[in-house]
Amino acid sequence: MTVDALIRWFQSWTASGGNITFLLILSVILLALPVFLIMAVNALVAVYAERKLSAFMQDRVGPMGQGPGFHAGKWGIFQTVADAIKLLLKEDIIPEAADRKLFILAPYVMFLGAFIALAAVPFNQKLLVADMNIGIFYIVAVGSLSVLGILLAGWASNNKWSLYGAMRSAAQIVSYEIPAALSIIAVILLTGTLSMQGIVQSQAGVIWGFLPNWAVFNNPFTFLAFFIYFISSVAEVNRTPFDIPEAESELVAGFHTEYSGLRWAFFFLSEYANMLVVSAVAVVVFLGGWQSPIAGVMTSAWWGLFWFLGKVTIVILIMIWFRWTFPRLRVDQLMNVCWKVLLPIALLNIFGTGLWSLFIG
Amino acid sequence: MGVIHNDEMVLNIGPQHPSTHGVLRLKVKTDGEIVSDIQPVIGYLHRCFEKHCENLPYEQIIPFVDRCDYIASMNNGFGYVTTVEELMGIQVPERVEYIRIIMAELNRIASHLLALGTFGLDVGAFTPFLYMFRDRERILDLFEITCGARLLYNYMWIGGLSHDLPVGFVESAYEFLDYFEPQLKEYHDLLAYNKIFIERTGDVGVLPPEVAVSYGVTGPNLRGSGVKWDLRKNEPYSIYDRFEFDVPVGEGEMGTVGDCWDRYWVRALEMAQSVKIVRQALDQLPNDGNVHESLPKKVRPPKGSIYQRTETPRGDLGFYIISDGSNVPLRVKMRSPAFTALSVLNEIASGWMLSDILVILGSLDIVLGEIDR
Amino acid sequence: MSKYIVNIWQSVSTLLIGMGITIRHLIRIRKGNVTLQYPKEKWPQPQRKIGFDPKVYNIIRSKLHVDIDDCIGCLKCVRACPVDCITIETLKVPKGTDIGMTSNNTTKRLLVKRFDIDMSECLYCNLCVYPCPEECIYMTGGPNSEKKTIDYEFSKYDRSELLFTFAKITEKEIAELTAEPNELPHADEPGGEA
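Chains as they are written, first to last, in the numbering used here: chain A, 11 to 371; chain B, 60 to 432; chain C, -11 to 182.
Everything labelled a hint here was simulated from the structure, so no lab data went into it. Careful, some of the hints might be misleading.
One side of the interface only, derived from the structure: several residues of chain A facing chain C at Cβ under 8 Å [claimed, not checked]:
| id | residue |
| --- | --- |
| 1 | M67 |
| 2 | V71 |
| 3 | L137 |
| 4 | W331 |
| 5 | T335 |
| 6 | F336 |
| 7 | W349 |
Mimicking DSSO-like on lysine-lysine, the simulated pairs with C-alpha atoms at most 30 Å apart in a straight line are [stated by the list, open to error]:
| id | chain 1 | residue 1 | chain 2 | residue 2 |
| --- | --- | --- | --- | --- |
| 8 | C | K64 | A | K350 |
| 9 | C | K96 | B | K110 |
| 10 | C | K96 | C | K160 |
Since the model is a prediction, treat every value here as computed from it, not as a measurement. Even for Gly, the Cβ is constructed at its ideal location relative to N, Cα and C.
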């Protein structure tokens, strides 16, 4: 369901075709609401999963207090709901010396980046807000909008820790965009399209006799490209081992040190939404999007949604797994990994993929 | 026209900061990420320990000694009571000596677990921290069944112990050691051999042996620099000469000798050695003997002074006690190992990045309670 | 170049080992899990028997308690306390007045007018317990653990609520007991020290 389709559907209702501006606004809002809902639900579920999984990895039990169950919530299922309510009710503090306007603006800018990126994510065969012919390019482009929000937050807080976090984050996110984009290009060489749906559709079928024809299995170079993309995407969303912008033991809380309440919740929301976006891109580009793992089986739209969400969940879980295993890299080491390891390999990958598709594929 | 400032920025780390290990404040001059100068500001935990001692009878000082290095109270108490006993010429029974060694070494393991866990936390690894705390908890349980307290024991008394070992302690201790030894390997796999951890700590904050010696750094920090100096071996006090154990020193396995990784590794190996000592002590522990047997009726050391040092998990803990013959010491001076470790921070950490400062600080394993006293 | 490759290989392999460890812990949920749901579950308190009377003494150091009926007002605990958190005021009774016996069959000679323990100052060192000749001051879980429950959780909202008073004797009783036959009954100021 795209915006175009929605407008056309509305137009078919009215004889004259209606006011096109009004219909555009209406259909954009109608489609934006579910996207927001997806973000919110994603944050609630992902935070709960993160807390529970980290607890189990660390021989703890995690949140147990909230929710239904034996003794006042055996599994703490509503813990994140309670957290969200708490955040909504919390006092909103704006520091005296902060740049008030920018301080207020920053969380929404960061939120916006994740929000509009989700517009181009195909959840199944039909469900996406806008099927652009440059979908993946669009996502890569707007995905880096979040760095603007982080910079604004760090600067506006007028706090040295925040500034450090923001500057680190700017360098980090901008650097890691490059290997991420380059590894996507390797796949685009094969698919020949930038459209998200087009990329997914080109991954139908079977390869090597038994494997699904996903880009990650297409050839050794795309296989490597997937890992480069995954590592870069972990860095892009500021998660351990690349969480230096908010490195707790160094920078207290990094760029959002001064934020509290709802504004902080927005940072949190967009952090998890960013995770969703980068995992969705990884799934669409490398893991066959909504394609079923067994070619030709369970291919309806509902199954498509299931496969897509399942794959995204697995990618997010691996990110969580990373976070609770690894120490943190230092700033210069982070840049080393990017410029000296990931970037050369990503460039070689493009070359290799080109050769492969020319001679073998 | 605006002026571009490119001065150094002064950054205040602490006293409330997640990784200053207490209430330490660091005044740090930074040029971007690079730190050019570090001035530790201490005293937030000052409790007038030494002045306090001048007004209290000897036996009442023990609870305060416990509170200096609250991570390793047993070792602190051990140091103090052996000093007073030396001054008074008390010979404690065999059983007391063995129990003291068992307790001190168990507490050394607990202290190192905390040091390594929080060090991992400084580097950004959360999980090893919780594994180590889980195991530390078991040691604290052993202490709890022995003397009723988990952290501040008041267990070592002048001339004896407050309680004898409970029934079943020896078995529980063996059980713990059997459980603990395999855990060490897991810690190493999870943290010490992790490439990111090695990158963060290897070659970082190198403390050359000459600098370490000239600053008076002791304990695992000194041994991490490759100097084989352990009071338990070099100047055996109590009955340490009866046990077989090695003194691990840093060998620069993952970089230069004396880097943060070496300090980490020395502590990790020392835990294995402590396990060895506790095993031997439990094997040799005499069954008879009253722990209250040689408690003096009145603690009135003869006129004179004494300086004695013992090896705590943080290094040489020295007590200088002047007695005027009364039941109250004229002067008690405590030589704190963590203080010298902190004083070397500026020397080894300036020139490194902001993230490294906290790693180096974590590798020195300071306890502010002991520094500020 | 070979160093470069080795470096990457080491990173990948050691990181995978680490991930293996955490996933192993994730899979065996609840094994080796040490968290207790605190208010509902509690750690078993060590029930160690040791001390003066091995039958009834418990090791736990939780809260100081005084069996005021047994107190003879000897002030030994006050002298032993490193932080002076115990305050005792006693009152002489005229010769021949019977104010009872302790459970150790010692004749009491002093009226304990005030026996306050400030638990916010107490450092739980147990030093006051040992000198007591009547074994009437102890950390709960001490000699009379059958009578008193072990109380770790005596948190209060106000610091003044941590001041525990044990003296039970009323002013009227003081007046009666200290009254000389040919003198007017006179009572001291209650709680003389601020």
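For each hint, the structure was consulted:
| no. | hint | in the structure |
| --- | --- | --- |
| 1 | M67 | 4 Å, holds |
| 2 | V71 | 5 Å, holds |
| 3 | L137 | 32 Å, violated |
| 4 | W331 | 6 Å, holds |
| 5 | T335 | 5 Å, holds |
| 6 | F336 | 7 Å, holds |
| 7 | W349 | 13 Å, violated |
| 8 | K64/C x K350/A | 73 Å, violated |
| 9 | K96/C x K110/B | 38 Å, violated |
| 10 | K96/C x K160/C | 19 Å, holds |
The structure shown violates the earlier hints numbered 3, 7, 8 and 9.
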